[in-house]
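Going down the list, the sequences are from chains B and W. Okay, so the first sequence: first residue is 1 according to the UniProt record's numbering, each after it adds one. Okay, so the second sequence: first residue is 1 according to the UniProt record's numbering, each after it adds one.
Don't take every hint at face value.
One-sided and incomplete, this derived list gives chain W residues near chain B with beta-carbon spacing under 8 Å [claimed, not checked]: (1) 18; (2) 21; (3) 76.
None of these hints come from the bench; they were simulated from the model. Beta carbons are placed, not taken as given, at the ideal position from N, Cα and C, and that holds for glycine.
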Amino acid sequence: MADSTYPIPGAVEAPSRRWSQAAVLEWLNSWVTTVDHKKLGILYIVYAIFFLLVGGAEAIAIRIQLIQPNMHFLSPQVFNRIFTMHGTTMVFLFGMTYIFGFANYLIPLMIGARDMAFPRLNALSFWLTFFGGILLYYSFIGGGGLYGAGNAPDVMWWAYAPLTERAFSPGHAPDYWALSLIVTGFGTIGASINVISTAFCMRCKGMTLMRLPLLVWVMTVASGLALITITPLTAAQVMLLIDRYLGGHFFDTQAGGSAMIWAHFFWIFGHPEVYVLVLPAFAIANEVIPVFSRKAMFGYPAVVASSVAIAFVSLGVWAHHMFTIGMTSVGNAFFVLSTELVGIPTAIKIFNWLATMWGGKIRFATPMLFCTAFVIQFLLAGLTGIILSIAPWNWQLHNSYFVIAHFHYILVGAIAFCIFGGIYYWYPKVTGRMLSEKLGKWHFWLFVIGFHITFDVMHIPGILGMPRSIYTYEADRGWGTLNMIVSIGGIIQAIAVLIFAWNLISSYFKGKIAGNDPWDAWTLEWSTPSPPPVYNFATDPVVTSRRPLWDLKHPDDPDWHYE
Amino acid sequence: METHETNHSSQHGGAIHLPAPTAWPIVLAFGATLILAGVVTSGYVSILGAVLLISGCVGWFRQVLPHEAHEDVPVEAEEITIASTRTHVTRIEISDEHRAHLPVETYPILSGIKGGIAGGIAMIFPAMLYGLVTQHSIWYPVNLLGGAGVAHWTNPTTAEIASFHLSALIIATIIHILGSVLVGLLYGAMLPMFPRHPIVLGGIVAPLLWTGVMHSSLGVINPALDARISWPWFVVSQVAFGLVAGLVVVRQGKIKTGQSMPFVLRMGVEASGMYSDKEDRH
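This is chain B alone, in the form it adopts within the complex (with noise of 0.2 Å):
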């Protein structure tokens, strides 16, 4: 059923775009001072973007590393450094941020608001992301420099105490990954209270809660679990950074603190933090799936009601990344068992995708691609991820390159594969531009290849008992081949990335023009034009179903006949 010469309504070929050197200035202010929730949504996306190359190249640096044995390709310290960087950068730069920037664009063009419910607010949230990424690496200038990696942070992205603190990590290298955490938790915390407001105060005539977009339910729900757990970790890490300065002895297990205490602290953020993160994809999925199969959602309640159920289950299985520290028979029963009982709402989502899907007539152009291969990853990551929460099984493969196959499923195999989708689903709205569907087909099969080459192959070496974080191992353990296969993949992710990024840029200045409404869609952003104006909507729109422009579209037959 692909169908890659789907016509694009409205599209024609456009004479390229021209910038006068005498307005860039003027530009560069309107974006600064910017309170605009659309410019603010593409300061947040770019910045995703930015910082997803960035990682992306610690990512390469760690798999050169990795290539054969007893590379020397990075000294131990700056693999650690880079290590430490690269999660930290993607969790928190690119996958924080990446929430934000859709929210931010989108939730107000749906939901027939004129901006943000607070619109100083959300640029405060932004800034304070984007200096507290810079305060991140600013940390490579410090110290010994570049050369040696500075003063970037070497604790890993769990920075566990006691490691972080003075008598095994003196330095400024936790202090950095501290602080600009806490900045970026700041920022965090605004835009999630921004997102929750904006849902529940904005929305115009007729869009009652059941009617909302199912984005911008999926993205409540994420920005209230962010709420929720950023909390702890931003406590931890002032926590932490008493201890490092002012004498505390929270995780100091001398003067009787107690280095379970930060685990706690970090998982009870740091599992909720997936689902933050992979909520905001699922809310992607949720608008591209039903589009391109030409069906509505199936089962919209259920969708919604797994998505409130998966908030408030992932709260209470911190404790599965812990199995391995001695708790009792009953902790870990427990933990087993409420990790589990996620697996039903996300089943619940996978059977209503591909429900939706089921019957309809599928284009699958790019968006339709990402989110397919998204639901097929997601599904394979799921039954890692139950092997993982058993006890008995975790206890075997904890801390082993099985477990960084397992995440990175998840992160790049569901997330990452629909941030993609979402980009080329509404770039068209946010530049008036198409991406380049052949450009688009190209990042996708060679993303989708090496994703597969990479993280299929990458659970082999972690059954094999390679562990994670190592910078090197010997030629006798069998892990060469392995990691061999598992690199070249990571550089044809690499190769497709960059292609994307060219993509973004050319498409930017010489792609179709693209019309209000490219993929015939349904929801209220379409109904605006390509970029939209900075005011949204002329005249407040009223909405009477869940589809507001099929209703528009299809007056014979209205949506709100069958709800």
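Based on the hints, put chain W in the right spot on chain B.
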């Protein structure tokens, strides 16, 4: 779409009020970051950060108190055409029999037992025919089935098996009756899964299932029978059983399942009259 006023923005004539752009959030964010950056750099950085943070707060408050600064954005008249490439609306077609996957009527389990008895009688005839054709004796299959009850049989000859033995007849009759009734009961229990095709179930599915079970277990239950049985004839007997059992079941008629009953009735909650009320409405 209709027009109505919402939230903090408003429309006046040809312009819309929106929050004015401001640099104070970036100043405030930069100040806050510098305060924390001072921990790893210098105290002076924190002091500069504090100055910026306070400036940002003051500047911000002055923009929103007592009145929020705003800008008027002129509305550009642009005609938006909402159109679809689809020429008609496609909905999921739901047939009247959509819920037939959950049968509203099925055969009673008792009908399976009746069918089992009838089938048990019917399968006697092909079994005896088998004895006559292969051993010229109707007692051959009877003795094979009842052989376990004939104590002195250790390695019987074919002639001994083909002759009449009362004890073997009694044992074979008991086994056959019990077997037929039990298979009939199994048949009745399976019917709700195949309510539309009782003869297919009885004539093909059940005989094959039963033959499979017997084939795998007869060596333990009755080794003498297992050594001499003819499985093609056994299948023919079973099919005869199944076809007759199926015909008997079809003649028993169907009963309603609980699918069409209200939930409270299916749960056994006392709600007299509810079912008939619902029927009346239909």
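- Item | Structure versus earlier hints, numbers of those that do not hold, lowest first | none
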